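For the protein sequence lines, the chains are A and B, in the order given.
In terms of the numbering used here, the numbers along the first sequence are unbroken and rise by one, the last being 183.
In terms of the numbering used here, the numbers along the second sequence are unbroken and rise by one, the last being 131.
None of these hints come from the bench; they were simulated from the model.
One or more of the hints may lead you astray.
As the list claims (entries may be wrong) - Derived contacts from chain A toward chain B, CB cut-off under 7 Å, selection only: (1) Phe26; (2) Phe37; (3) Glu40; (4) Lys41; (5) Val49; (6) Tyr119; (7) Phe145.
Claimed, not checked - Below, in silico cross-link-like pairs of lysine-lysine (BS3-like), each with a Cα-Cα straight-line distance of 30 Å or less: (8) Lys33(A) x Lys21(B); (9) Lys66(A) x Lys86(B); (10) Lys21(B) x Lys101(A); (11) Lys86(B) x Lys96(B); (12) Lys116(A) x Lys42(A); (13) Lys42(A) x Lys21(B); (14) Lys104(B) x Lys86(B); (15) Lys123(B) x Lys101(A); (16) Lys90(B) x Lys160(A); (17) Lys41(A) x Lys101(A); (18) Lys80(A) x Lys21(B); (19) Lys120(B) x Lys66(A); (20) Lys104(B) x Lys41(A); (21) Lys102(A) x Lys86(B); (22) Lys101(A) x Lys182(A); (23) Lys117(B) x Lys84(B); (24) Lys42(A) x Lys84(B); (25) Lys117(B) x Lys41(A); (26) Lys33(A) x Lys10(A); (27) Lys(-5)(B) x Lys10(A); (28) Lys154(A) x Lys80(A); (29) Lys96(B) x Lys41(A); (30) Lys(-5)(B) x Lys14(A); (31) Lys96(A) x Lys104(B); (32) Lys20(B) x Lys42(A); (33) Lys104(B) x Lys101(A); (34) Lys102(A) x Lys(-5)(B); (35) Lys84(B) x Lys101(A); (36) Lys84(B) x Lys120(B); (37) Lys111(B) x Lys96(B); (38) Lys120(B) x Lys41(A); (39) Lys104(B) x Lys42(A); (40) Lys90(B) x Lys162(A).
Computed from a predicted structure; not experimentally measured.
Glycine included, C-beta positions come from ideal geometry on N, C-alpha and C.
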Amino acid sequence: MVIKKIMKSFFYSMIFIGFFLLFFPMKNLYFLLEKKLETQHIVLDGEQYSQKLYTFNIEKSNLYYNNALYAEIKNIDFIYLVFYNQLDFKNLELKKDFFQLPPMQIDFIKLNYNILSVTTIGISAKGEFGILEGNINLFSQEINLFLKPSSWIKNKAGRVLQNMKEKEGIYSYVYKY
Amino acid sequence: MFINIKSFLILFWLIVVAYLSTSMIALVLPKKGIDFQNKNAFINTSHKNVDLENIFLDTNSNNNSQSQKNIKLLNSVTLLAIYDLGKDGGYIVMKEKVSSKTLILEKNEFYEGYKLIQVLKKYALFEKFQKRYKLPLEIEKI
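The following block holds chain A by itself, in its conformation from the complex (with noise of 0.2 Å):
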C-alpha cells in the first residue's frame, strides 16, 4: 500500500513538473537574463526566438561587451528537461580577441547537466582551435579542460597553450573559481 502510495505521489509530481515547464515561459526569462547580463555591460542580441516541447531556441544572436560586438551566434539551444539539461551554442563566430584566442569560428559548444552526476557539468566543443572536452565541478569549483588543438591555434595562439599542461598530444588546464 505504502509503495503504491509513493509511486502515486512520484507519478503526480513528475505530471505536475512536466507541465509546469512546458507551460513555462522561457522568453520572458530569457529576457530577465537579458536584463541581468546588461547590468554587466553584455548584451545578448537575438533576433528570433521559438518554444518547443521543452526546448527554446534562439536564431541569430550577437554578443556585444561594452558596446563592442564580440560574437555572432547563428543557433542557441537549451532542452531543459528535470533528469537532463543541455545548452547548444551553434556556429558561433568570435569577432574580437577573447582571453588570448584570437577571432575564429567555432562549431559548437555544449553545456551538459543531467542528474546521474548532479556535481558536474559537462562542456564539449569544437572549432577552429581543435576539439575541447571538460567539466564544471561544482561541488569542487573546479574547471578541467582538455584540449586537442588544431594546428591553427598552434600557429596563431602558442600562448595560450603554453598555460597549459601536455599530455600525449592532449591539453590540460584546471581552473578554480
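Here the structure of chain A is known, so what remains is to put chain B in place on it, guided by the hints.
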C-alpha cells in the same frame, strides 16, 4: 484500475495549477528584452513628449542645443589627424596619453567601448552608453 475518475480529476487539477503558476511567473518576468540597436539608437524616440499643437514647428535647433549640452570631452587620448570621407566614413589618428601608442580608428569602430560616430573637420565624436564624447583636434606647435 489505476486511471479512474479521481485520478483523472487530480491530473486535470495538476495541469490547471501548473498553467496558473507559470502564468503568474510570466506576469512577474519582463515582457521585453534588450535590443542592442534600440539601446544604442542615435536618435532617442521620446514620443511621450510630443506636443501636438506645435507638431509642425521646427524643433531641430532645440534638440541640437540639448545634445550639445550632453557632450563631454574625451581626455584619455589626443586626436592627431582627421581624414573626413564625407557621409560614408572617415578615419582618425589618435594617441593614447598614458602609453603614447598611436591608433587609427575608422568610423563606427570602437575604442575602449567608445564608438566613433562622426568625423568632422575639427573634432571627432564618440558615443558610449547613449552619451556623446567630443575629441578635438590638437594642433601641435612646432
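For this session: So, Phe26(A) near chain B? Judge it on the closest CB pair being under 7 Å.
Result: Holds. Min distance 4 Å.
Problem set entry | 30 Å limit on alpha-carbon distance, applied to hinted pair Lys104(B) and Lys86(B) | Given that 30 Å is the threshold and the Cα spacing comes to 19 Å, the pair holds.
Problem set entry | Lys42(A) paired with Lys84(B) [C-alpha distance capped at 30 Å] | Roughly 35 Å separates the two Cα atoms, so the pair is violated.
For this session: Could you check if Phe37(A) really has its C-beta closer than 7 Å to a C-beta on chain B?
Result: holds (4 Å)
For this session: Sort out whether Lys21(B) lies within 30 Å of Lys80(A), counting only the CA atoms.
Result: holds (21 Å)
For this session: Take a quick look at whether Lys111(B) and Lys96(B) sit within 30 Å of each other, Cα to Cα.
Result: holds (15 Å)
Exercise. Given the hint that Lys86(B) pairs with Lys96(B), does the C-alpha gap stay at or below 30 Å?
Worked result: holds (21 Å)
Exercise. When you check the alpha-carbon spacing of Lys42(A) and Lys21(B), does it fall within 30 Å?
Worked result: holds (13 Å)
Exercise. If you draw a straight line from the CA of Lys116(A) to the CA of Lys42(A), is it 30 Å or shorter?
Worked result: holds (22 Å)
Exercise. Would the pair Lys123(B) and Lys101(A) pass a check requiring their Cα atoms to be no farther apart than 30 Å?
Worked result: Between Lys123(B) and Lys101(A) the Cα gap is close to 27 Å, so the pair holds against 30 Å.
Problem set entry | Restraint status (C-alpha distance of Lys90(B) to Lys160(A) at most 30 Å) | Distance of about 29 Å is within 30 Å: holds.
For this session: For the pair supplied as a hint, Lys41(A) and Lys101(A), confirm whether the alpha-carbon distance does not exceed 30 Å.
Result: The given pair, whose Cα atoms are some 23 Å apart, holds under the 30 Å limit.
Going through the hint list in order, the structure does not satisfy hints 6, 7, 9, 24, 26 and 34.
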